[in-house]
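Position chains L and B against the provided structure of chain R, taking the given hints into account.
Which chain is which? The protein sequence lines are R, L and B, in order. According to this note's numbering, the first sequence is numbered sequentially starting from 1. According to this note's numbering, the second sequence is numbered sequentially starting from 1. According to this note's numbering, the third sequence is numbered sequentially starting from 1.
Hints were generated in silico from the structure; no laboratory data involved.
Residues from chain B that face chain L, not an exhaustive set, calculated with beta carbons under 10 angstroms: (1) 43; (2) 152; (3) 173.
Derived lysine-lysine pairs resembling DSSO-like cross-links, with alpha carbons at most 30 angstroms apart: (4) 203/B <-> 101/L; (5) 21/B <-> 39/B; (6) 234/B <-> 248/L; (7) 81/R <-> 101/L; (8) 58/R <-> 203/B; (9) 84/B <-> 394/B; (10) 37/B <-> 92/L; (11) 343/L <-> 172/B; (12) 95/B <-> 236/L; (13) 267/L <-> 343/L; (14) 239/L <-> 94/B; (15) 172/B <-> 84/B; (16) 189/B <-> 203/B; (17) 95/B <-> 343/L; (18) 57/L <-> 69/L; (19) 172/B <-> 157/L.
Cβ coordinates follow ideal geometry from the N, Cα and C atoms, glycine included.
Below are the chains, spelled out letter by letter.
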Amino acid sequence: MDALILELKKEIIEVLNLEEITPEDIDENAPLFGEGLGLDSIDALELIVLMEKNYGIKLNNASEGRDIFKSVRIMAEYIEKHRTK
Amino acid sequence: MNIYIQAAAQISAQEPLSHAWFQHPLPLSERYVRSVEPDYKEYINPMEARRMGKILKRALATSLNVVRKTGINQPDAIITGTGLGCIENTEKFLTAMVRDKEMYLQPTYFMQSTHNTISSQIALHLKCNKYNTTYAQRGISFESSLLDAYMQFELEKIRTALVAGHDEMTPDYFVLLDKINYWKKGEVNEAILRKSDSVGAISGEASACFMLENKKSNLSVCELKGIDILYNPNQKRIKDALEELLGKHNLCIENIDVVMTGINGDKDNDAVYNELERNLFPSIPLAWYKHLVGESFTASGLAMFISAMALQEQVLPASYLYNGSSAIQGLKNILIYNHFQNKEHSFILLSSC
Amino acid sequence: MMSERILVTGMGIISGLGYGKQATLDALCSKHSGIGKMKYLQTIHNYYPVSEVPMSDAEMMDSLGISSQTIITRTPLLGIMALKEAFIEAHLDKKRPRRIAFINGTTVGGMEKSEQYYPDFQNTEAYIAAHDCGTSCEAIAEYFDGFDMITTISTACSSAANAIILGANLLKTGRVDVAIVGGTECLSKFHLNGFSTLMILDKEACKPFDAKRVGLNLGEGAAYLVLEKEQHAKQRGVQPICMLSGYANTCDAYHQTASSPDGQGAYLAMHNALENAHLHPHDIDYINAHGTGTQNNDLSEGTAIMRVFNDNIPPVSSTKSFTGHTTSAAGSVESIISILALLHNFIPANLNFNNPMPELSFCPVKDTLTKKMQHVLTNSFGFGGNDSACIFSKID
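This is chain R alone, in the form it adopts within the complex (with noise of 0.2 angstroms):
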């Protein structure tokens, strides 16, 4: 799980091009949205993209994602329980 945590990390920084933050600055249990990470709707999207293309976990709306991004951790359960990638 720590591996996967920090891999979500480092792809999460990738793919918003979070340019000034390392996986050092992600609390894994803080929320991502909102607060936090301060990240909004497009960036949702954004990672709905990135589970499909690295764990092949299809979502159909972005309301989906709602619960599943609530934080770093959250999402890497998700992802455990559900990858096929």
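Just chains L and B now, kept in the frame of chain R:
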């Protein structure tokens, strides 16, 4: 009705967000010239900047620069001209789409690729609900924006306007336009461009932003007296339109101190200016600027920046004079003449104030 | 002043409903939508319903007498087809006024060809110059010849509406005698994929203002209006169709792709258009909504409509349920549809509506409604919060 340029900002091959370079511009000697980037941190925070391609950062920086200089943070109109739009992001999306066969595409690139992203980002930043639009008509994209603003001033719909022209040139798009002879082959320098004996110009990028207001203040750089855009005009149509514009201000062609032209070293492009000189401006000094900033769809925005500086500093240095004459002092009226492939013609009249 | 009124003296349209005003009218009255299975666009996402113009490029070129060797993309071809109809109706094919402006709205431009030849344009270099938006405008202008001024507006889904506004200002300042205004947009893989990544496309026919709505269907089309001052129309002896009585453009300034929850931009656009027209909300007989069918737009726009019209909300429908979302052409496509409704005294149905939105105090018109009208309002809201509204009125 009077319209004043209260502040101007540019990002180009010359020193960005500055006019200190105006009297001593650096000559260009490459076929493909990119703008010099300023430090954007002063204008854009990293969480915003992460999504922005170069053109958006330049647009935001130049806009905020003129907003800060003037304190006008809710302009009545935000109008942008861009010939190619956000081509960097367009390419990113397109490249991925072709390479990955329409799978796993990133929405950010699409979202930031539409032409009106520029105007709307500025409005978003300023939280400005006023008039907002974008023009994309090739070489007169900037002039279209300026004309829109000008008419709204005339109709007394607005008192202030943020008007800009922005274009970027990616390495890949440069190669495409090279295939159809937009760019000079081989070595380039001022002397070569002056000869105008082959096709092609220097490829440049342009960001020029102006805050316009309908009243004079101690900030005022110069006055925008008029603008016109013509399509496929013959020489008579051009003459009539120009005389009409000048006539509104009790001026005639002889009152123009210098014509700032879009001469760029391309023989077909420059031939049009030569004919105009013969027919309309035989005894008026011609100036040029594309040897210093390159050619782009909205390069004329930089022409307006340079002309505004000349009127403010009351000198147009020899670097800009096409006929090889020495610097011109004591300028009252500058006519900026631009044409695109001899189809779209435009002129802008600026005066000292 | 009577002579200062801006009149519409010609209209031309092509869309998934067919070619011309009559085909459009027939489709609206018979509730025959142009949305269906993709036929022309080549994409792996061909499961999305779209509204395609039922003509290939070759068929259009043939119909227009354009040689098959001509380098021209689909966007301007649609434009020429639509403009031809408007040109003839406004008698511009006969005696040509001296100063005609042509203002075109487009975002796709030549992308539908560029994406096929990208990245090298091997043996297709002639299409490199056809890529940018402005080339489409030039291609249309070249076909008709004789325009004094041209330009292109590219503000996504409000482009054509903004073209109407610019045209009106060109007339009011006396710079031109006639302004031809509108937009043209063809489908492209680039834009279909773009909208798909934003997850705002419906895999079935769209359901504007329905509580269960999922997204929009893309459409293609072109539409132009010929505008001129009343005095000028009289001098030319051309029969006016209706009046452009008001318009406005504002910016939502909320988010790059989403509209604000309180619909501030939309509210201001409608409010300012009414002010510009010297009309009150209760004067409006019909609202042709932007109504894309997305969760976000319909809520935002619906909220704005309630804010402007309070307890007196006129009938509302979105004809994107017929034409799909024609993006840059939507402003003029839907203006012409609104004018047809105005002249023929009917309100087009908002197809596929079944479930009222709990947040709104109104429902769209489910079935074609007969109504004698005086003033109609049409909304066009673009990405980046570019919000425009136009009001057309019968001439008394």
